[in-house]
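Take the given structure of chain A and dock chain B to it, following the hints.
Protein chains in written order, with the working numbering: chain A, 139 to 283; chain B, 7 to 543.
Hint data in this document are derived by calculation from the structure and do not stem from the laboratory.
Remember, it's a predicted structure, so these values are computed and weren't measured experimentally.
One or more hints might be untrue.
Claimed, not checked - Restraint ranges, calculated between C-beta atoms of paired labels, are given here: (1) A:Lys266 - B:Glu505: 23 to 29 Å; (2) A:Arg221 - B:Lys312: 41 to 47 Å; (3) B:Phe495 - A:Glu189: 43 to 49 Å; (4) A:Lys266 - B:Asn414: 23 to 29 Å.
As the list claims (entries may be wrong) - Far from chain B, some chain A residues (derived; all Cβ distances over 12 Å): (5) Asp144; (6) Ala168; (7) Lys170; (8) Lys175; (9) Gly188; (10) Arg193; (11) Gln218; (12) Arg225; (13) Lys238; (14) Leu249; (15) Leu273; (16) Met276.
Note that the Cβ used here is the ideal one computed from N, Cα and C, for glycine as well.
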Amino acid sequence: MNHDVDILLVEDNASDAEMTILALKKSNLANKLLHVKDGAAALDFIFAEGEFTGRKIEDKPRVILLDLKMPKVNGIEVLQKIRTDERTKRIPVVVLTSSKEDPDIHKCYELGVNSYVVKPVEFDEFQKAISNLGLYWMIVNQPPQ
Amino acid sequence: MMDLINKSNNLVITDKELAGKNNEKEEYLAHLASIVECSDDAIISKSLDGIIKSWNKGSEKMFGYNAEEVIGKHISLIIPIEYINEETKILERIRNNEIIDHYETARNKKNGKQFYVSITVSPLKDSAGCIIGASNITRDITSRKNSEAELIHANKELAFQNKEKEKRAEELIIANKELAFQNEEKEKRAEELIIANKELAFQNEEKEKRAEELTIANKELAFQNEEKEKRAEELIIANKELAFQNEEKEKRAEELIIANKELAFQNEEKEKRAEELIIANEELAFQNEEKEKRASELVIANEDLKMAEEQLKTANEELESFSYSVSHDLRAPLRAINGYTQMFKEKYETQLDVEADRLMNNILKNAKRMGELIDDLLTFSRIGRRELVKVDVRMNELVTGLCSELKNELGDRTIDFHISPLPPAQADNIAIKQVWVNLLSNAVKYSSIKETAIIEIGSEIKDNEIIYYIKDNGAGFDMRYADKLFGVFQRLHSNEEFEGTGVGLALVHRIISKHGGRVWGEGKVNEGATFYFTLNK
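Just chain A, with the same shape it has in the complex:
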């Protein structure tokens, strides 16, 4: 499959985004990565609306890395929208969050999240986690046809 975007990174925190991208780059996984800074932009991309009008919805990313706490539209809302739309509900979504204490973890699983990852504070571990994540979803996992 030829995708414009393999990884959609939805992250409002510029530092987290930069470090995530750096980590993926180190594993050569960041070639087709798109970074959007909030949930609204993410939905625009996924449903080819707003600035992404004209994009084909069928050109689905191989994985969406989704932060939960974001301004305007938060991660839960994004997840909900993706899962309730027949066209998008099979897209693998990995939730990245700062804390395992997040009260939304349960809700995420109910909404059919594929993975729920706590971002480690330590950089080495963070890099390892993101790298493993990228490798898994990009290479190991077989996406639905």
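Just chain B now, with coordinates in the frame of chain A:
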């Protein structure tokens, strides 16, 4: 007896009158001798110097000496030493032609026994009328003396007993109304005794009369003596009877006194109890008032409390969401600090000198520590929000399991665990496990300064709760700062001495408090610490 003496005096006079008539005189003398010989009284004649001249059968019987043994001997043979002077005086009076009539004194028997006698001593004259000696008529009055002595004694005894009885009667009158009736009884009885005494006095008089009558005739006397003895015996029996009755009465009086004392004691007890009850009632009334006051105070306090509780609840909720979001949101910048520092180090590694490298490492170290603090704070916050599920926690298995897990992680350290059997308690399994983990890892951590660490775990059941304790021989702490043990982020040791965030004991405190238990610590610097917590059975 008087009559008899008179008779013998008459005989002497008659003797004078009949001096001339020999035949008649001989006959008369023989007759007289026969009377003397046959008399039960001891009739002894003696010279003026006291030598015994004649000794009749009565004397032999009375003194135990034969006539042959005593005739020619001095009369002092039968006189007790203390009465010898009397004899001298008697002989003096005889010389003066006096008759000593019914003189009561004492004499000795041959066997040495002293006895009471009544003697009548008359001068003996020759035909010329010169006094040549004396005749002694001696009568044994021992039995009479004894009877008299007994009677006097009995009367004194009765008099004494009467006085005693009156005293007691007076005491009893004062003692109790209840006793009044019985006192009357006793007075009656006392009166009866007075009558009995009068009767006895009367009988004594009678006896005296009779004694006088007894002197009238010899034979009559013997009979009457017997009668008297019999009556004396009867009187002794009667006296004994009276004495017995007195004793009985005394016993009853004593019993009544005891009964009175008992009643008095019971009355006192009842009064005491009544007083106690009055005091107790007053106390209760006071307490009721106090309780009412307190109840109204409590109503006000409750309202205040409700408000405070609501405020507290709101504050707690706010605090929890605050601490959660703080810890949550703190992680992102921390991750950034970590990440950029690391990135910086990687990118400019070759250009950094040793000092720059040290500074970078310090940034990373602190960021890491902050991460730990946040993690602990999160755990603390989570436990606070968690609902407890109380089950029967098998403390023994839980603790021994944790200890053996700990042992595996010890490496080359030696720790002696002494675990006494621990009773189960009602608690939340997960939370209590956290408590033991924190306390055990503290004990292990702070005892690392000792070559051989000793950790002792035990319990004590007190009333409805169980006190668990864990004791180590480690660094201990200064009791002055004991109040800071359980505060969040409060530490009594620096991070260089012992690593830690200061959340472990705060967490223990929070969990035990949520269980309704108490937790406290005791310690001494460099000697070790003991932590106690309580749970319900």
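Structure-based check of all given hints:
1. A:Lys266 - B:Glu505: 23 to 29 Å: Holds, since A:Lys266 and B:Glu505 (Cβ atoms, about 24 Å apart) stay within the stated range.
2. A:Arg221 - B:Lys312: 41 to 47 Å: Holds, at about 45 Å.
3. B:Phe495 - A:Glu189: 43 to 49 Å: holds, 47 Å
4. A:Lys266 - B:Asn414: 23 to 29 Å: holds, 27 Å
5. Asp144: holds, 23 Å
6. Ala168: Label holds. Min Cβ-Cβ 15 Å, cutoff 12 Å.
7. Lys170: At roughly 23 Å from the nearest Cβ of chain B, A:Lys170 sits farther out than 12 Å, so the non-interface label holds.
8. Lys175: holds, 14 Å
9. Gly188: Holds: least Cβ distance 27 Å, greater than 12 Å.
10. Arg193: holds, 30 Å
11. Gln218: holds, 21 Å
12. Arg225: holds, 32 Å
13. Lys238: For A:Lys238, whose nearest Cβ neighbour in chain B is about 8 Å away, the distance does not exceed 12 Å, so it is violated.
14. Leu249: holds, 20 Å
15. Leu273: Given that every Cβ of chain B is farther than 12 Å from that of A:Leu273, nearest at about 20 Å, it holds.
16. Met276: holds, 22 Å
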